[in-house]
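K.L.:
The lines below spell out each chain.
Number of protein chains: 2
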Amino acid sequence: MKVIHTGDWHLGKILNGKSLLEDQAYILDQFINSMHNEQPDVIVIAGDLYDTSYPNKEAIQLLEKTINKLNLEMHIPLIIISGNHDGKERLDYGSRWFERSQFYIRTRLEDMNKPISINGIDFYTMPFATINEIQDYFSDDSITTHQQAVSKCLKYIQQSINNENINILIGHLTVQGGIRSESERPLTIGTVESVEEDTFNMFDKVMLGHLHHPFSINSDFINYSGSLLQYSFSEVNQAKGYRRVEIEEHQIKDQFIPLKPRRELEVVEGDYEDAIHERLAIKNKENYLHFKLKHMSHVTDPMMHLKQIYKNTLALTNQSFEFNTSIYQSDEEIQKFEDETIIKKFYEEITDETLTSAQNDKLNYILNDFLNGGDA
Amino acid sequence: MKVIHTGDWHLGKILNGKSLLEDQAYILDQFINSMHNEQPDVIVIAGDLYDTSYPNKEAIQLLEKTINKLNLEMHIPLIIISGNHDGKERLDYGSRWFERSQFYIRTRLEDMNKPISINGIDFYTMPFATINEIQDYFSDDSITTHQQAVSKCLKYIQQSINNENINILIGHLTVQGGIRSESERPLTIGTVESVEEDTFNMFDKVMLGHLHHPFSINSDFINYSGSLLQYSFSEVNQAKGYRRVEIEEHQIKDQFIPLKPRRELEVVEGDYEDAIHERLAIKNKENYLHFKLKHMSHVTDPMMHLKQIYKNTLALTNQSFEFNTSIYQSDEEIQKFEDETIIKKFYEEITDETLTSAQNDKLNYILNDFLNGGDA
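Just so you know, the sequences run in chain order P and L. By full-length UniProt numbering, the letter at position 194 of the first sequence is numbered 194, and the numbering carries on one by one without gaps. By full-length UniProt numbering, the letter at position 192 of the second sequence is numbered 192, and the numbering carries on one by one without gaps.
Warning: the hint list may mix true and false statements.
For chains that are exact copies, the list does not tell them apart, and a pair is met inside one copy or across any two.
Cut-off 25 Å, straight-line C-alpha distance, at most; resulting in silico cross-link-like pairs (DSS-like, lysine-lysine) [to be verified]:
| hint | residue 1 | residue 2 |
| --- | --- | --- |
| 1 | Lys260 | Lys65 |
| 2 | Lys285 | Lys57 |
| 3 | Lys307 | Lys285 |
| 4 | Lys307 | Lys88 |
| 5 | Lys88 | Lys65 |
If you're looking for bench data, these hints aren't it; they were derived computationally from the structure.
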């Protein structure tokens, strides 16, 4: 029995104003090709299929095209749950017809204790739900944390679980100690969102979505698939792919299989002049780039100049600012300077130039005559 | 062979700020009940299932629930085309799975010459397309009118049609002479949108959507189903329902079957005081009402007062204005009056009061002293 575990596709994602749909279509083609070789018994997609609850029509078409190939053309059963980015009602649309082809979409808490059985293995689904939704579902106001909410759900599932079987949980949540990325939207604001690992002990295997790092957690039975692509510059150099889970008797093997994207995210540091004259080492000019550059404050619209050479430049940070902060170690040191000195040093750091004599006169006038009320 | 013809459901429609979803759910329940009795061989929905290309989740759920009952529970084949209000890509989502249960969604010009055969009858589909889309599809810039566009499509269909069969066209367009309603969005701006009746002669039957009046056109083979509900006050007193089309040998019978909605649209004319004291004849206090009232200019926020009694009041017109226009038959008559007389008469008409002596003095001052430059 072979199960493929993927998740966090975030179709329709826009990163710094750039739609990643083309890259998503490319990587999904790679995924489909791999599935031709893998010939899995089922594919699990653990939530966040879309990046937004109002996906645009291109994202919808890409999902449908991909799922159509996997399910109707290649006849692979699919289990999908909704994540915190998905609109449940929209994702669920058509599910009653889809089930007839073993394409299962689960978005409702009502279904969590009804496993989907494939080749004798029971897949339980816990789509993303807010603490409030779980409170409402169990009519239990005492649930105020994710830990309590998930424990409640699992205790409920436990009543109907068959321990003789291999039981797999599919969820979209944060396990304690999991490594975060910037592209994950918090599940709630102001509450600890993580759930302890041993909460899930009743399962032989837990296939999760939400955290984007494929090795987010170090556990022998809980795994994140990781996201389809690098979705923030905090994920630079992070491999992305899917997990191949092989189950034989009660032995479960889990292996991460990387996929090669069309473009990666890359951070490039150095001097502006070196960047613009292509003297900086860049892995792939087509990559989505975040430049962190020094000595560029004299340039008008440096982003435009960079984009003329590196068209997929998505971000630019003026590294001089960070340099500044290392000169002055604390506010106290700065306060030792005269106002005039602070302004002059600031100007020099930012522009790499000193004040002209006209600027000097103006500064004197403002500081001495105007602000301090002295006579001209 | 029994075919049910419906269309222009406009799910998610908002009329004067009021969502009609509850009424739409009610009437669709009636429709489903009727289908239990009718036991049709197929149901045709001729476009505009949604009111907008971005339907909200409640509208999506209502469509899915309705279609689920008709198709999966009652096992009735369905043919749906997209109208000018529908977003093709969204409506089409899932269609490959749906077709396996004889639920056919057609949104593409590519499919227009591929009939759906049910019980030996060929259903051709012509989803709504703009003139530009049809130009592009045929790579023919000479197409500049709806007449040319539809003729081109039908000539293309004609190449593959089997005249031995009974051939039915399902379309979403305007036939010449069709009665319009205010709730239909024009297909194009600035172009005649109607198509001549004899363009369709190759078909035994044409089932149309777009015009909301179920008797929009007087033809022996072309029919509009009419909309699911009254969607504008221009449709007051208009029956709404579906068409039952019975085909035996080459005999085709078509009959309009009305459904009873939860609320209708109703226009109420009279005096404001009579309305507010419930002295006006109103068919149903729950109806969506458009009041056209006289003698209300002295009232602050009359709409609020009316809504306290008639909670589904959607529109209010001050009828006094229209009354005025009937007093003065032409501009010329008005010009015979002195300025002072015109102003006094206008004030009296609007407020049902005469000017106070202070107002009279002010008017005199403005007209004689200020405007005409006389001395005070």
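K.L.:
With reference to the structure, classify each hint as holding or not holding.
P.N.:
Hints, one by one, checked against the model:
no.	hint	verdict
1	Lys260 - Lys65	within (20 Å within a copy, 41 Å between copies)
2	Lys285 - Lys57	neither (30 Å within a copy, 42 Å between copies)
3	Lys307 - Lys285	within (11 Å within a copy, 65 Å between copies)
4	Lys307 - Lys88	neither (38 Å within a copy, 36 Å between copies)
5	Lys88 - Lys65	both (20 Å within a copy, 15 Å between copies)
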